[in-house]
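So the protein lines, in turn, are chains C and S. Position 55 of the first sequence, counted from 1, bears residue number 55 in my numbering, the numbering being contiguous throughout. Every position in the second sequence, counted from 1, becomes a number in my numbering once 1000 is added.
These aren't lab readings, by the way, just hints derived from the structure by calculation. Misleading hints may appear alongside valid ones.
Below, simulated PhoX-like cross-link-like pairs (lysine-lysine); rule was C-alpha separation at most 20 Å, straight line [claimed, not checked]: (1) K1111(S) - K104(C); (2) K104(C) - K1060(S); (3) K104(C) - K1049(S); (4) K1052(S) - K104(C).
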Amino acid sequence: DAGVIQSPRHEVTEMGQEVTLRCKPISGHNSLFWYRQTMMRGLELLIYFNNNVPIDDSGMPEDRFSAKMPNASFSTLKIQPSEPRDSAVYFCASSLGSTGQNEKLFFGSGTQLSVL
Amino acid sequence: GNSVTQMEGPVTLSEEAFLTINCTYTATGYPSLFWYVQYPGEGLQLLLKATKADDKGSNKGFEATYRKETTSFHLEKGSVQVSDSAVYFCALSDPNFNKFYFGSGTKLNVKP
Chain C
1 DAGVIQSPRH
11 EVTEMGQEVT
21 LRCKPISGHN
31 SLFWYRQTMM
41 RGLELLIYFN
51 NNVPIDDSGM
61 PEDRFSAKMP
71 NASFSTLKIQ
81 PSEPRDSAVY
91 FCASSLGSTG
101 QNEKLFFGSG
111 TQLSVL
Chain S
1001 GNSVTQMEGP
1011 VTLSEEAFLT
1021 INCTYTATGY
1031 PSLFWYVQYP
1041 GEGLQLLLKA
1051 TKADDKGSNK
1061 GFEATYRKET
1071 TSFHLEKGSV
1081 QVSDSAVYFC
1091 ALSDPNFNKF
1101 YFGSGTKLNV
1111 KP
């Protein structure tokens, strides 16, 4: 199994530009999570999906952030317009069931986003 | 609410030293507890887990015991290696909220 695949690995963009991060979860997993990691705030859950449906987006910082999961094998996290304070590592993770079943998370390698 | 607190790093040890990374939690339900490890440039990987009180999780020489009375899940290893240098995250999963809650991470540096 290839694991959770994220792209791009690195993204450098200018303030005001649209940024799209992509994630392919492990085949057969039905829960998908987007996390943001910064030195100041650590690892923050932004949003998670179960069976392609957004369950909890309370961690999405503001309307500039949006996430979609059009099918079981693909999700995107979009920032429009981007700002320097969005600079962080963004991780996608998937699990076989919901975390209510104490399933472990499998993380991708992350996307390092730098907004200049 | 649910939260995880772990000791601040970095922790610097010599090879073969004993390791303890403290983790305490607050939870409204009956959580499972986890330790994840993040190597440089990579995502987090599950290191070990415990699903109920008094359970001990273990993997690669690391151990942690779920202590409900002290709401703790401290990570220990008897003899660390340089290859253990990484960031370690304590986490809990609350079935009532279908979420993982992560601590802030503790960076471990092991010197030869």
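Each hint, compared with the structure:
Between the alpha carbons of K1111(S) and K104(C) the distance comes to roughly 31 Å, so the proposed pair goes past 20 Å and is violated. Restraint check for K104(C) and K1060(S): the C-alpha separation of about 17 Å stays at or below 20 Å, so the hint holds. As the CA atoms of K104(C) and K1049(S) are separated by approximately 9 Å, the hinted pair is consistent with the 20 Å bound. At most 20 Å may separate the alpha-carbon atoms for a hinted pair to count; K1052(S) and K104(C) meet this at roughly 15 Å.
When the structure is compared with the earlier hints, a violation turns up for hint 1 alone.
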